[in-house]
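Go ahead and model the full structure; you've got the sequences and the hints to work with.
There are 2 protein chains.
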Amino acid sequence: MVRGRISRLSVRDVRFPTSLGGHGADAMVSADAMVSADAMVSADAMVSADAMVSADAMVSADAMVSADAMVSADAMHTDPDYSAAYVVIETDAEDGIKGCGITFTLGKGTEVVVCAVNALAHHVLNKDLKDIVGDFRGFYRQLTSDGQLRWIGPEKGVVHLATAAVLNAVWDLWAKQEGKPVWKLLVDMDPRMLVSCIDFRYITDVLTEEDALEILQKGQIGKKEREKQMLAQGYPAYTTSCAWLGYSDDTLKQLCAQALKDGWTRFKVKVGADLQDDMRRCQIIRDMIGPEKTLMMDANQRWDVPEAVEWMSKLAKFKPLWIEEPTSPDDILGHATISKCHNRVIFKQLLQAKALQFLQIDSCRLGSVNENLSVLLMAKKFEIPVCPHAGGVGLCELVQHLIIFDYISVSASLENRVCEYVDHLHEHFKYPVMIQRASYMPPKDPGYSTEMKEESVKKHQYPDGEVWKKLLPAQEN
Amino acid sequence: MVRGRISRLSVRDVRFPTSLGGHGADAMVSADAMVSADAMVSADAMVSADAMVSADAMVSADAMVSADAMVSADAMHTDPDYSAAYVVIETDAEDGIKGCGITFTLGKGTEVVVCAVNALAHHVLNKDLKDIVGDFRGFYRQLTSDGQLRWIGPEKGVVHLATAAVLNAVWDLWAKQEGKPVWKLLVDMDPRMLVSCIDFRYITDVLTEEDALEILQKGQIGKKEREKQMLAQGYPAYTTSCAWLGYSDDTLKQLCAQALKDGWTRFKVKVGADLQDDMRRCQIIRDMIGPEKTLMMDANQRWDVPEAVEWMSKLAKFKPLWIEEPTSPDDILGHATISKCHNRVIFKQLLQAKALQFLQIDSCRLGSVNENLSVLLMAKKFEIPVCPHAGGVGLCELVQHLIIFDYISVSASLENRVCEYVDHLHEHFKYPVMIQRASYMPPKDPGYSTEMKEESVKKHQYPDGEVWKKLLPAQEN
Numbered sequence: 001m002v003r004g005r006i007s008r009l010s011v012r013d014v015r016f017p018t019s020l021g022g023h024g025a026d027a028m029v030s031a032d033a034m035v036s037a038d039a040m041v042s043a044d045a046m047v048s049a050d051a052m053v054s055a056d057a058m059v060s061a062d063a064m065v066s067a068d069a070m071v072s073a074d075a076m077h078t079d080p081d082y083s084a085a086y087v088v089i090e091t092d093a094e095d096g097i098k099g100c101g102i103t104f105t106l107g108k109g110t111e112v113v114v115c116a117v118n119a120l121a122h123h124v125l126n127k128d129l130k131d132i133v134g135d136f137r138g139f140y141r142q143l144t145s146d147g148q149l150r151w152i153g154p155e156k157g158v159v160h161l162a163t164a165a166v167l168n169a170v171w172d173l174w175a176k177q178e179g180k181p182v183w184k185l186l187v188d189m190d191p192r193m194l195v196s197c198i199d200f201r202y203i204t205d206v207l208t209e210e211d212a213l214e215i216l217q218k219g220q221i222g223k224k225e226r227e228k229q230m231l232a233q234g235y236p237a238y239t240t241s242c243a244w245l246g247y248s249d250d251t252l253k254q255l256c257a258q259a260l261k262d263g264w265t266r267f268k269v270k271v272g273a274d275l276q277d278d279m280r281r282c283q284i285i286r287d288m289i290g291p292e293k294t295l296m297m298d299a300n301q302r303w304d305v306p307e308a309v310e311w312m313s314k315l316a317k318f319k320p321l322w323i324e325e326p327t328s329p330d331d332i333l334g335h336a337t338i339s340k341c342h343n344r345v346i347f348k349q350l351l352q353a354k355a356l357q358f359l360q361i362d363s364c365r366l367g368s369v370n371e372n373l374s375v376l377l378m379a380k381k382f383e384i385p386v387c388p389h390a391g392g393v394g395l396c397e398l399v400q401h402l403i404i405f406d407y408i409s410v411s412a413s414l415e416n417r418v419c420e421y422v423d424h425l426h427e428h429f430k431y432p433v434m435i436q437r438a439s440y441m442p443p444k445d446p447g448y449s450t451e452m453k454e455e456s457v458k459k460h461q462y463p464d465g466e467v468w469k470k471l472l473p474a475q476e477n
Numbered sequence: 001m002v003r004g005r006i007s008r009l010s011v012r013d014v015r016f017p018t019s020l021g022g023h024g025a026d027a028m029v030s031a032d033a034m035v036s037a038d039a040m041v042s043a044d045a046m047v048s049a050d051a052m053v054s055a056d057a058m059v060s061a062d063a064m065v066s067a068d069a070m071v072s073a074d075a076m077h078t079d080p081d082y083s084a085a086y087v088v089i090e091t092d093a094e095d096g097i098k099g100c101g102i103t104f105t106l107g108k109g110t111e112v113v114v115c116a117v118n119a120l121a122h123h124v125l126n127k128d129l130k131d132i133v134g135d136f137r138g139f140y141r142q143l144t145s146d147g148q149l150r151w152i153g154p155e156k157g158v159v160h161l162a163t164a165a166v167l168n169a170v171w172d173l174w175a176k177q178e179g180k181p182v183w184k185l186l187v188d189m190d191p192r193m194l195v196s197c198i199d200f201r202y203i204t205d206v207l208t209e210e211d212a213l214e215i216l217q218k219g220q221i222g223k224k225e226r227e228k229q230m231l232a233q234g235y236p237a238y239t240t241s242c243a244w245l246g247y248s249d250d251t252l253k254q255l256c257a258q259a260l261k262d263g264w265t266r267f268k269v270k271v272g273a274d275l276q277d278d279m280r281r282c283q284i285i286r287d288m289i290g291p292e293k294t295l296m297m298d299a300n301q302r303w304d305v306p307e308a309v310e311w312m313s314k315l316a317k318f319k320p321l322w323i324e325e326p327t328s329p330d331d332i333l334g335h336a337t338i339s340k341c342h343n344r345v346i347f348k349q350l351l352q353a354k355a356l357q358f359l360q361i362d363s364c365r366l367g368s369v370n371e372n373l374s375v376l377l378m379a380k381k382f383e384i385p386v387c388p389h390a391g392g393v394g395l396c397e398l399v400q401h402l403i404i405f406d407y408i409s410v411s412a413s414l415e416n417r418v419c420e421y422v423d424h425l426h427e428h429f430k431y432p433v434m435i436q437r438a439s440y441m442p443p444k445d446p447g448y449s450t451e452m453k454e455e456s457v458k459k460h461q462y463p464d465g466e467v468w469k470k471l472l473p474a475q476e477n
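Protein sequence lines correspond, in order, to chains E and P.
Read left to right, the first sequence gives residues 1 to 477 (full-length UniProt numbering).
Read left to right, the second sequence gives residues 1 to 477 (full-length UniProt numbering).
It is possible that some hints are incorrect.
Identical copies go unnamed one by one, so any copy, or any two together, can satisfy a pair.
[Said to hold, decoys possible] Mimicking SDA-like on lysine to any residue, the simulated pairs with C-alpha atoms at most 25 Å apart in a straight line are:
#1 Lys470 / His122
#2 Lys444 / Met434
#3 Lys381 / Ala438
#4 Lys314 / Gly290
#5 Lys293 / Asn118
#6 Lys223 / Met279
#7 Lys180 / Gly263
Don't read these hints as lab results, they were simulated from the structure.
Written out as C-alpha cells, the structure is:
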C-alpha cells in the first residue's frame, strides 16, 4: 500500500571518468601526463577492466586501454564522462524505503541538471505519495507546467531531464512500496489508472484518453501468456558494445568475435565521422557476422539532410536495418528512420509525418514512465515498433521495465522489436540488468532498478569523490 | 578595432517581482499578507508606478494595483517574476568597455540558467575577441556543440538560453568597441563576414552559404535610403501593454483609450484561459479601436490542436491578424500562424511545412545575433514577414537591432511587418528603447542596448538584493 509523505529529496552529481582512457593512452608520451594515467589506474581501472572482461576476456592489455579510451565516443560526443544526476527521495513512513531516480548525462552540465532538480524539489517535498500517484497526471503537469519554470523548457533540455530524474525516483518509490518491479506494477495496473498517469496535453489530435483506454483494454487479452513468455525468454536485445568510433580494427574484430560467441545476433555500429573509415568498419563487421545477422547504424545527429542522403547511399550496401539520428533531433521533416526525441509532441509529429520506421524511447529524456506511456500508446496506434535507446548510465536498467510492459500490455508483438544493450557501468547498481541469450531477463527486485551502490556514488561524486579528487589535479596539470 | 582578451565573465540572477502585485492585491484581506503588500510598496512600487504612468496617467490608484498585478499574466504563465540572467564580460584591453548580455526568464529557474552560463564560461575566458569574431561560426559551434554539454540541449532550453546570454554579451562588446549600435555594425558589415557568423548545420537543405550570400548582396541595393528612412521614421511597433489576462474591463478600456491617444494602431490581446472572457474582452477592444486598426491574439501555447481550431472559429469574428502560439512550440504540424521557436531547425521546418504566415524571432531564445541571422535569411527566402517577440526584460532593447537590420539589409520591406512593444521595465537599462509615433527609433549608442543600471542590478539580485531581502521573508510567512 502506498504510504508516507515525502520528507527529503537529495540530488548528487555522479560522474564516471569514461573519457579518461584517452588521456591515459596519450599519457605515455609525456612525464606530466603520466600523472593522469596513474590516477586513472588507481581510481577507475578496476571498473573499466571489469566491464571489459565481461565483453571480451580475450582482448590484450593494450587493446583494453584503447577500447576503454573510446568506450563511448560517437561522431558528436567525442569525450563523454558518463554521468548521472542521482535523486533520492525519502518519506516519513519509517519503513526504510527510498525512491532512487537518475537522469543520464555526459559529464559537464550535470551540475546544471542538479540545479534544475533542486528548482523542482518544492513540488515534491511535503506531498503525500498517495496524493501524487492518486493524481499522477496532475502531479506531472505541476512539474512540467510550473508558471515560471516552464519558460526555460518547456518539456525539453535541462528541465525535462531533471523532471525525468525526479519522476523516476517517484516511480521507484511507488514500486518498492508495492513490492514489485516497475514493469510488473504497470502490467498489473488497471487501464484506467494507467491512463490517469498520462498528460494528454498537445497530443489529443492523435491520441485521446478514450483511444488509450481502448488500446490498453485490448492489451489485456493474452497478457498472462506474454508475461510467462517474458519471464522464461526475456526481451530481445542488440549490442552496441563492440563498434564505437575509434576502436582499432583489431579491437573491433576481437570484440565482435566475442559477442558472436556470447550469442549476440544484432549489432549496432557508430558512423558519421569519416565515410572511408565507416565503409571499412562496416565491411569488417558485415564480413564477420555474415549476411543474415542484423546490423544497425547510428550517426548521432552528425549530418545535414543532403549529407545524410549521400552518406547513407554509400553505406546501404552493408544492409543496415536502420539509420539512427542522421540529423538534428528537432528536424521532423528531415526524416529520421529512428530517433530519440525530447518529448511526446515531437514523437507525435514523427508518427504523423510517417518520418520514422522505428521509434526509440528514452527513459531519461522523456518525462519518466508517464510520458513514455503516452509514446508507447501512440506507437501502438500507428503500429510502429518501439526499439528503446539504452546504454549510458542506468538506461538499460530503466528501459527494460518499459519495453517488457509494452510487450505484455500494449504491443503484444516482438516483430522488428529489439532493445539496445551496452555492457557498461552496470556494476555500480544494486540491481543490475541480467542478459541471457542476448535477451533482457525481467527484473524481479521491487522498484525501477537504478538504486546505486552507495560506495559507487561516494567514490564518483563530482568534484569531491575519491576518484575526482585524484583526477582533477592531474587534469589541471 | 577589435581588441583584448576576455579576462572575466560574471553572471547575475536579476529578478523583478512582477508577480507580487497579485499578492499585494490579495493582501488586503489578511494582516499577514499586509507585510508583503508593504514590502512591495517600499521595494518596487516606484518602478511599477513609473511604468504605469507612461502607459496611462489617467488610471486611478486602484486600477494601477490591479493592472500591475496582472501586468504580465497570460494563459500559461500566471505568476511570472520577469527576470534575467545578466552576463558581463570584461577584457584586458584597459579601455573600460564591458560587454553586457541577458537572457530573459520568468523568475524561478533563473539560477539554473546562471549555472549553465558558468558551465559555458570556459569556452569564452582567455579567448581573444579578435579570434572569436574572426571565426564566429566556429565559436558559435564550440558553444553549442561541446561534446559533453550538448547532451543536455542540444540548442534548446536552459543551455540555449545561456548561450544566448553569453553571445549577446559578446555582440555588445564587439559593437561597443566599434563604436556602433549592433544594428549599424550589422548593416555596415561585409556580406561575407555576416555569413561567417552563421552556423549552417542542419539547415543546408533549405539555406546554403551561397543562398545567404546572394540574399545579402541583393540587400545592398537601396540600403542607404532605407537606413535614412529608419532613422527618420523608425520601425513600426504594436503594443501588448493593454490587454493582459486578468485586467478588469474598466482597466482595459482606460489603457486602450490611452494607447489610442498615444498613437498606437496595432494591439495584441492575450487569450486562451476562458472563451467567454476572451469574447467579451475582444469585443471591448474591437469596439474601441474600430474596424480598421489591427488586432492580434496570443494563446501562449494554451491549446491542443482541436481546441485551437474550435476556439479560434469563435474568435474569428473579431478579425485578428494572427493567432500566436495556439499550441505546443514543438508542434510543427500543429500549424501555428505565428510562433516563437527555440532554434533554427524548428523555424526551418515551419517554413518548409508552410505552417506559419508570420515568423516571430526572439533575441534570447535563439542563439543571439548569429542564429537570428540564419532565421532572418530563411524567412527572406520563403518571403515570410518577420514580426519579433519582445517585452519581458530587455527583449525590446535587443530585438530592435535585429529588425532594423532586417529591413535595411535583408527584407527591404515593411509590408505586414511589425515589432512587439511592451512598456515595462525599460527604466532599468542605461540605453532604453525610444518609441515615437508607435515606432521603434533606431538606437544610436554603441552596443546591444542591454547594459543595465548597476543600481538596478544590485537592488534586484536574487536572493540577496535589497528588494528580495525585504520580500522573501514576507513571502515565507
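Right, here's what the structure says about each hint:
no.	hint	in the structure
1	Lys470 / His122	between (35 Å within a copy, 21 Å between copies)
2	Lys444 / Met434	within (10 Å within a copy, 67 Å between copies)
3	Lys381 / Ala438	neither (28 Å within a copy, 51 Å between copies)
4	Lys314 / Gly290	within (19 Å within a copy, 63 Å between copies)
5	Lys293 / Asn118	neither (46 Å within a copy, 47 Å between copies)
6	Lys223 / Met279	neither (44 Å within a copy, 50 Å between copies)
7	Lys180 / Gly263	neither (30 Å within a copy, 67 Å between copies)
Of the numbered hints given earlier, the model fails hints 3, 5, 6 and 7; all others are met.
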